[in-house]
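*Asks:* According to our numbering, the stretch in the sequence shown is residues 86 to 278, in order.
For the record, the hints were derived by calculation from the structure and aren't laboratory data.
A quick note: this is a predicted structure, and the numbers were derived from the prediction, not measured.
It is possible that some hints are incorrect.
Straight line, CA to CA, 25 Å or less: simulated DSS-like cross-link-like pairs of lysine-lysine [what the hints assert, rightly or not]:
hint, residue 1, residue 2
1, Lys-236, Lys-215
2, Lys-208, Lys-165
3, Lys-236, Lys-208
4, Lys-215, Lys-149
5, Lys-215, Lys-272
6, Lys-136, Lys-146
7, Lys-136, Lys-272
8, Lys-136, Lys-149
9, Lys-149, Lys-208
10, Lys-93, Lys-146
11, Lys-146, Lys-215
12, Lys-208, Lys-146
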Amino acid sequence: MTNESDLKPFENGDILAAATILNNPDDDHAGDGRIIQYDSNLNVKGTLWTKNTTHLVQGLKFDKANNLWAFDSQNYSVIKVAANGEQIEQINFGDRSFSNVCFSDSGHLYLGEHLVGDESNNKALEGPRKLGTVLPFMPDTQRYGDGNLYKFSSEGNLLETYETETHGGMPGFLGITASAMDADESKLFIFQN
Numbered sequence: 086m087t088n089e090s091d092l093k094p095f096e097n098g099d100i101l102a103a104a105t106i107l108n109n110p111d112d113d114h115a116g117d118g119r120i121i122q123y124d125s126n127l128n129v130k131g132t133l134w135t136k137n138t139t140h141l142v143q144g145l146k147f148d149k150a151n152n153l154w155a156f157d158s159q160n161y162s163v164i165k166v167a168a169n170g171e172q173i174e175q176i177n178f179g180d181r182s183f184s185n186v187c188f189s190d191s192g193h194l195y196l197g198e199h200l201v202g203d204e205s206n207n208k209a210l211e212g213p214r215k216l217g218t219v220l221p222f223m224p225d226t227q228r229y230g231d232g233n234l235y236k237f238s239s240e241g242n243l244l245e246t247y248e249t250e251t252h253g254g255m256p257g258f259l260g261i262t263a264s265a266m267d268a269d270e271s272k273l274f275i276f277q278n
């Protein structure tokens with residue numbers, strides 16, 4: 086298998102799936118990131134091998150300009166793919182484990198932080214369901230993350246932080262794992278697995 090990208094321009098009816106190839110025997114969350122494009126009949130149209138990713142690619146969502154966004158929360162990567170299928174230069178939103186986004190009509194982005202807490206609340210460090218990966222600490226801390234929601238300008242400037250009440254999910258370290266905004270933008274829903 087060659088890692089050559091051949092993603093086509095997006096069309097109505099396309100189905101896009103994040104499908105990282107987990108090919109690192111020392112880390113069960115690490116591998117070559119990719120996004121596969123299918124037509125409406127589930128025939129493969131193309132593949133984008135993502136740049137600047139090392140672990141699971143997730144959180145696919147289109148913005149209002151038909152750009153596709155995705156995330157590698159363990160590598161702090163925010164991925165943006167233009168409507169023509171080309172990965173474009175990413176904005177640096179800081180060293181946080183973002184994994185999902187919502188877009189407002191005013192151009193603001195709301196990024197959800199995937200990880201929360203530290204090793205004291207990680208139930209997957211030992212035992213039969215021990216993680217086969219190492220969760221990163223934010224720079225200069227001993228914490229995975231804060232599990233908050235962050236409002237950014239379209240240029241990547243942090244405008245506001247919304248603290249959330251996350252419980253860590255079953256493994257104890259999950260923050261905001263998905264988000265959705267209602268049509269009139271009066272509510273933003275956050276989810277945790």
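*Asks:* With reference to the structure, classify each hint as holding or not holding.
*Replies:* Hints, verified against the model:
1. Lys-236 x Lys-215: Violated, at about 33 Å.
2. Lys-208 x Lys-165: 33 Å, violated
3. Lys-236 x Lys-208: 30 Å, violated
4. Lys-215 x Lys-149: Answer violated: Lys-215 to Lys-149 is near 40 Å, above 25 Å.
5. Lys-215 x Lys-272: Between Lys-215 and Lys-272 the Cα gap is close to 36 Å, so the pair fails against 25 Å, i.e. violated.
6. Lys-136 x Lys-146: Since the Cα atoms of Lys-136 and Lys-146 sit roughly 17 Å apart, the hinted pair holds (cutoff 25 Å).
7. Lys-136 x Lys-272: 33 Å, violated
8. Lys-136 x Lys-149: 23 Å, holds
9. Lys-149 x Lys-208: 38 Å, violated
10. Lys-93 x Lys-146: 17 Å, holds
11. Lys-146 x Lys-215: 30 Å, violated
12. Lys-208 x Lys-146: 30 Å, violated
The structure fails to meet hints 1, 2, 3, 4, 5, 7, 9, 11 and 12 from the earlier list, while all remaining hints are met.
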